Amino acid sequence: MSSATPSPVPSSAHGHHKRHSILPAVSQSGPKPPVQFSSSCTIADSALLTGPHTIIVSTESVIHPRARLESLGGRVTVGRRCIVHERACLGAADLQGRYHKGSPDKEGRSMGAVTLGDYVTVEVGAQVESGGTVIGEGTTVGIGTRVGAGAVVGKHCTLTANSTVAAGEVIPDYTVIYSNGLRRIDKRGVSDLKNKAQARQIDVLRRMIPSNPGKFQ
Amino acid sequence: MSRRPPRGEYIETDTGNKVARKATLVGTQNIMLGGKTVIQPDVMIRGDLARTIPPAQSASGGPANNTAVAIGRYCFLSRGCCLRPPGRMYKGVFTFMPLRLGDHVFVGPGTVVQAAQIGNHVHIGGKVVIGEFAIIKDYVKVLDGSVVPPNMVIPSFSIVAGQPARIIGEIPEGGIEAFELRDLYKTVGNNPQPTAP
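Residue numbers (full-length UniProt numbering), protein chains in the order written: chain A, 1 to 217; chain E, 1 to 197.
If you're looking for bench data, these hints aren't it; they were derived computationally from the structure. What you are looking at is a predicted structure, and each value in this text was computed from that prediction instead of being measured. Built from N, CA and C at the ideal position, the CB exists for glycine as well. Don't take every hint at face value.
Counterexamples of contact, computed for chain A against chain E with all Cβ distances above 10 Å [what the hints assert, rightly or not]:
| id | residue |
| --- | --- |
| 1 | S39 |
| 2 | V176 |
| 3 | D192 |
Restricting the straight-line Cα-Cα distance to at most 35 Å, the calculated cross-link-like pairs of lysine-lysine (DSBU-like) are [to be verified]:
| id | chain 1 | residue 1 | chain 2 | residue 2 |
| --- | --- | --- | --- | --- |
| 4 | A | K215 | A | K32 |
| 5 | E | K137 | E | K91 |
| 6 | E | K127 | A | K32 |
| 7 | A | K101 | A | K155 |
| 8 | A | K194 | E | K91 |
| 9 | E | K127 | A | K215 |
| 10 | A | K32 | E | K137 |
| 11 | E | K137 | A | K194 |
| 12 | E | K91 | A | K101 |
| 13 | A | K194 | A | K101 |
| 14 | A | K194 | E | K127 |
| 15 | E | K127 | A | K187 |
| 16 | E | K91 | A | K196 |
| 17 | E | K127 | A | K196 |
| 18 | E | K127 | E | K91 |
| 19 | A | K155 | E | K91 |
| 20 | E | K127 | E | K137 |
| 21 | A | K101 | A | K215 |
| 22 | A | K101 | E | K186 |
| 23 | A | K196 | E | K137 |
| 24 | A | K215 | A | K155 |
With the hints as constraints, model all of the structure from the sequences given.
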């Protein structure tokens, strides 16, 4: 039996122009949010931004295609040099489908729905619920992780894949959440190296992902 | 008045690949399908995260064959799964390495695969996370909900489960036929054949 030669994925049968992606249109449900984008951030064309509140994306952050930023519960702030992978959702509803609004902090200002520090990585399919949730600087939110409403995750934490942080929980700095809810403290002291590696990754991603911030402004 | 045939859910190519119209394939020029592969709706394949070859080394002008994701024959990607190439620091630069799937690989629904290489006849369950640069050899069964940590190597004929994934068993002698995906390929598509009794 002859071996089949690998074939690239076909473009449309009727079109003659070469199509580079098959991206089915996702209807933009919900209001178009007011946005504040830094000039150097990278927002993929098919990222999904909805909600009435402001969405802020800071310097050199990267939003992959099909990432969702929902500001239905409040303002969403993404720090500097963050990476939000595809199908991640910032400002998600909780499991019952409610969007929490953050309770005001000590000075009486209202907390945004989701606040990401600098150098945070939110991986594929992670759900960060709205409601005053804070992710500290340098933290990695793993694949499929769910961070509950109002949780405060410390700096340089690692939440491995499919882990859960309960609503309102406070995670100390440098914690690693692994296996089925086990915790330990990360004593490697590699925070600076991880930040530098993240900056290098962002350099490469900025050239690979075509950015279209004008679509959302 | 001309009547076009109704648009099916799948696009069928001449090599027999069945790609759903609602699948999200980014960077399709870097995705290689082996033939007779099924891609169900809501699958996401990141072909745009390809290795960036330095211009001095590319032989035939430009990244003509810069494969990000290479998939073998008779593979089955179920709904909602996500394939993305793994990336790491290599010689001071962050690069993505190609993701290679062998033949007869079944990827369950909601699974995220970031492995470097998956062998032939592998069955991956639903909601599995395969970490970056993992290597899965041939005839492996990964049970539902497992989390395979990055850089793990899973030897042939093993059954793997848990979070983090551990080898919990071996494929028995008679269990090899269960990995064949030819029958499953026929049940999907615009003209599905019913499963043989």
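For the pair supplied as a hint, K215(A) and K155(A), is the alpha-carbon distance within the 35 Å limit? Holds, at roughly 32 Å.
Taking only the CA atoms, is the gap from K127(E) to K137(E) under or equal to 35 Å? holds, 20 Å
Distance restraint between K137(E) and K194(A), which requires alpha-carbon spacing of 35 Å or less: This hinted pair holds, its Cα atoms lying about 30 Å apart.
Hey, K127(E) versus K196(A), does the alpha-carbon distance stay inside 35 Å? holds, 32 Å
Checking a non-interface call: every C-beta of chain E should be farther than 10 Å from the C-beta of V176(A). Is that right? Correct as stated: the minimum Cβ-Cβ distance to chain E is 12 Å, above 10 Å.
35 Å limit on alpha-carbon distance, applied to hinted pair K127(E) and K91(E): Roughly 33 Å between the alpha carbons, so the hint for K127(E) and K91(E) holds.
Quick one, are K127(E) and K187(A) close enough, alpha carbons at most 35 Å? Measuring from Cα to Cα gives roughly 30 Å; hence the hint holds.
Pairwise hint evaluation, K101(A) against K194(A), where the allowed Cα distance is 35 Å at most: holds, 32 Å
Mind checking the alpha carbons of K155(A) and K91(E) for me, to see if they're no more than 35 Å apart? holds, 28 Å
K196(A) and K137(E): Cα distance at most 35 Å? Cα-Cα ~33 Å, so holds.
Straight-line Cα separation of K127(E) and K215(A) no greater than 35 Å? Answer holds: K127(E) to K215(A) is near 33 Å, not above 35 Å.
Given the hinted pair K127(E) and K32(A), is their alpha-carbon gap at most 35 Å? holds, 32 Å
Hints 10, 12 and 22 from the earlier list are contradicted by this structure; the remaining hints agree with it.
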